[in-house]
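Engineer: The residues making up each chain are set out below.
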Amino acid sequence: MSIILYDRDFISNLYEACLQSESTPLVALGEELLKADDVSAISLWSEHAQVQGALTRVAYQQKGKQDQLAVEDQKIAMRSQESQEPINGAVTLPTRKAAYYWSTPLAGKRGDYYFNVWCSRRLREEEHDALKLLAPHVVRLADIVLSSDIFSVQRVNRELEATQFIQKQLMPQIDGLDVGFLAYRTLPVHELGGDYLDILRNPDGTLGLTVADAMGHGMPAAFVMLMARTIFRLITTVTTTPSEVLAELNNHFISQLGHVDTFVTQFYGRFDAARGRLTYANAGHNPPVHFQRKTGEATFLPGRGVALGGRPNSEYTQLEVELAQGDILVIYSDGLREARGADHSQFGLEGIAQTLLKYREYNADGICDGLIRNVMRHGEGQSDDISFIVIKR
Amino acid sequence: MGKTIIGSNGQILLRQGVKLTDRYIDHLRRHWIEVVYISTGSNVAPQDVIRDQTRIKALSETRQVLGRVKRGADLEIEQVNQVLVAIIDELLLQDSLMINLVDIRSHDEELFHHSVNVAILSTIVGIELEYSQKKLRKLAVSALLHDIGKLFSEDEREHLKLARRLLREKSDLDAGVVNAICQHHEHWDGQGYPAGLSGSEICQDARILQVTNTFDNMSTNSRYPMEEVIEYLMGQSGTQFEPASVRAFLNCVSFYPVGTMVELNTGERGVVLRSNRGFPTRPVVRVEQNQFGKVEPCYEVDLAVHPTYFVKNRLDEVTEG
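Chains as they are written, first to last, in our numbering: chain S, 1 to 393; chain G, 1001 to 1321.
Check each hint, because a few of them may be wrong.
As the list claims (entries may be wrong) - Label-pair restraints from in silico Cβ distances: (1) G:VAL1018 - S:LYS97: 43 to 51 angstroms; (2) S:THR295 - G:GLN1191: 15 to 23 angstroms; (3) S:ALA274 - G:ARG1157: 32 to 40 angstroms; (4) G:GLY1067 - S:THR92: 47 to 55 angstroms; (5) S:GLU322 - G:LEU1093: 56 to 64 angstroms.
Stated by the list, open to error - So these bits of chain G aren't anywhere near chain S, every CB distance computed over 12 angstroms: (6) LEU1013; (7) ILE1025; (8) GLN1047; (9) GLN1053; (10) THR1054; (11) ILE1077; (12) PHE1152; (13) ARG1164; (14) THR1214; (15) VAL1246; (16) THR1281; (17) VAL1284.
Worth flagging that the hints you see were computed from the coordinates, not collected in a lab. Don't be surprised by glycine CBs; every beta carbon is placed ideally from N, CA and C.
Chain S extracted, bound-state conformation (with noise of 0.2 angstroms):
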């Protein structure tokens, strides 16, 4: 075959064919693609369970040897992602040949897949009309093998399955939210967390950011979870005092989950950027950590409330605090403060403390990347979910 140019018929018979192969279903293919002579390469990636915006190749083969190709194929990918929809064109590898791509983003059972196909020449319009046809196939296959045994490594139980949406609910949803004096960072320990991390943008300018953290682990912890962010996120609409947020929240949490023996600590603060003032209420979460540029020192932000679902018609203290230039605050989930060493000892106060005092000098996203190198470098494994925030001022 000299060109990929297939029909309804030639596709439905490959895609049979894949499936009684002997190696495993998306090999088959690849061989059987790469079968067309200007062909040099297809990938199939897929969109990470639990990282945002992350891709993880699934399969990927070529002709001959071109590692260029392969680095190539993850940025074509990545930026299919950010299109999302089918793009084309071509790249110059260091041999100064071009190489020329089409890629698709495919809506799968577990996510989004992007599917690459690589060519000696620039493809054709009917040939991109083949491969729309082809797509559609090359979603079953994957999906089949990624629901195959050989992959449990990342797979979700099926059990988890359905609910695999809630994983997706739970994490921030801040897209072009490009503010360089905060960062954030979520390292679920199970397929489903109970942290919950999210930072609002209100009507006023000012930025809502919680941290909550929901009894328990798992499926239930994750369900209390995504409960609690639901009522959240609709008394935000309403009210951005955090005093009256939580206080909302907890009576909310008390009728809808009131025969439920559980409970959710939350953090809930209002930044303003521009004056540096946090106005804040907790509900017996982790007390966030001030880092004070001028003394070096850190300490807890004061006030912790009862938890929410605690005791009905709780009141919630509001303070305020103000961060002073180069100043760092912490909002954190039990899994920062608590992860332990090989000699029990918690990584606590005096590990972020050590942290912040090391890594002032960086930015907020420097700062994230040294509180996990060093939780991660004190503690053997990690034991339950981390969740924070960093501001820098």
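Start from chain S and add chain G according to the hints.
Structural biologist: Coordinates of chain G only, in the frame set by chain S:
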């Protein structure tokens, strides 16, 4: 071998790519070599910031010059200058200068290796601070000769006194250079020695030397992992070190030197391929393994471009043996 090993006279002891046998290990031990880079097939050799030839030449010339001083001769500043011009020129030619010193030294010749390294490091910081060529030259001379007093005394305080006397009697170095050499143990907060100078009382070159000298002493023979050395510098910024010098230094250094094995938050594992200037914690990683198994051929993830990725863990320590 992941990297060519250079002996004390600048001769090559073992070339990169050679398979390490018991015989070679004995040979290395006789030369007091304790740490080597083992290539694990990843094929990412730690790349020195200057060429092997330049380093070898710098080492042997430094050895000659200092050797003659030790025997009572005058300091031949012309020869020192030639060595440094070669280093400065080479560093100035690089468009994205990152500190990456491949530094395997033998114990008996510690001083020469250390001197050359501190000269390279200081020049990099000087370039970062946009020093003129002339200022770079002076800074590099001070750096190369900062421990000249140690030829005669190992004592931390004594060697500074000896250096001042020696440089006054046996050289015509300018006063700025002599001051930088004699002040390189002064701390920013005034807690250093010999004079307890603080802040701007210490000349700028000495403030840089304080950083680069400490860095090299701590990273020698991988005594501490790179991240710990960097964390120490950051932690002492404002007390031991001038913050501006530390900041300039941090712009050119990476937590994860080329060749380090790391695990990302995505579960992908790979080797650090390049460092990104200004993003010390965010290198380019060549992914060799992901959730679906071994990745062949490898792809690359640039952490400076993809904000949701981060290094979760460092996987290897330098192999000792």
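Engineer: Does each hint fit the structure? Answer for all of them.
Structural biologist: Consistency of the hints with the structure:
1. At about 35 angstroms, the CB distance of VAL1018 of chain G to LYS97 of chain S disagrees with the hint of 43 to 51 angstroms.
2. Distance hint check: the CB atoms of THR295 of chain S and GLN1191 of chain G are about 18 angstroms apart, consistent with the given range 15 to 23 angstroms.
3. Checked against the hint of 32 to 40 angstroms, the C-beta distance between ALA274 of chain S and ARG1157 of chain G comes to roughly 51 angstroms, which is inconsistent with it.
4. Between GLY1067 of chain G and THR92 of chain S the C-beta distance comes to about 52 angstroms, which sits within the given range of 47 to 55 angstroms.
5. At about 48 angstroms, the beta-carbon gap between GLU322 of chain S and LEU1093 of chain G misses the expected band of 56 to 64 angstroms.
6. Against the 12 angstroms criterion, LEU1013 of chain G stays outside the reach of chain S, whose nearest CB is about 31 angstroms from its own CB.
7. For ILE1025 of chain G, the non-interface assignment is confirmed: its Cβ lies about 30 angstroms from the closest Cβ of chain S, beyond the 12 angstroms cut-off.
8. The non-interface label for GLN1047 of chain G is consistent with chain S: the shortest C-beta to C-beta separation is roughly 18 angstroms, beyond 12 angstroms.
9. The Cβ of GLN1053 of chain G lies farther than 12 angstroms from every Cβ of chain S, with a closest approach of about 26 angstroms, so its non-interface assignment holds.
10. With 12 angstroms as the threshold on Cβ separation, the claim that THR1054 of chain G sits away from chain S holds: the shortest Cβ distance comes to roughly 26 angstroms.
11. Consistency note on ILE1077 of chain G: stated as away from chain S, and its beta-carbon is indeed over 12 angstroms from all of that chain's, at 36 angstroms minimum.
12. The claim that PHE1152 of chain G is not at the interface with chain S holds, since no C-beta of that chain comes within 12 angstroms of its own (minimum 37 angstroms).
13. Interface exclusion of ARG1164 of chain G from chain S stands, the closest Cβ pair being 33 angstroms apart, more than 12 angstroms.
14. With a closest Cβ-Cβ approach of about 15 angstroms to chain S, THR1214 of chain G is found to remain outside the 12 angstroms limit, as its non-interface label requires.
15. For VAL1246 of chain G, the non-interface assignment is contradicted: its Cβ lies about 7 angstroms from the closest Cβ of chain S, within the 12 angstroms cut-off.
16. With a least CB separation of 4 angstroms from chain S, THR1281 of chain G falls inside the 12 angstroms interface cut-off, contrary to its annotation.
17. Distance to chain S contradicts VAL1284 of chain G as a non-interface residue, since its nearest Cβ pair spans about 10 angstroms, not more than 12 angstroms.
Violated hints, in rising order: 1, 3, 5, 15, 16, 17; the structure is consistent with all others.
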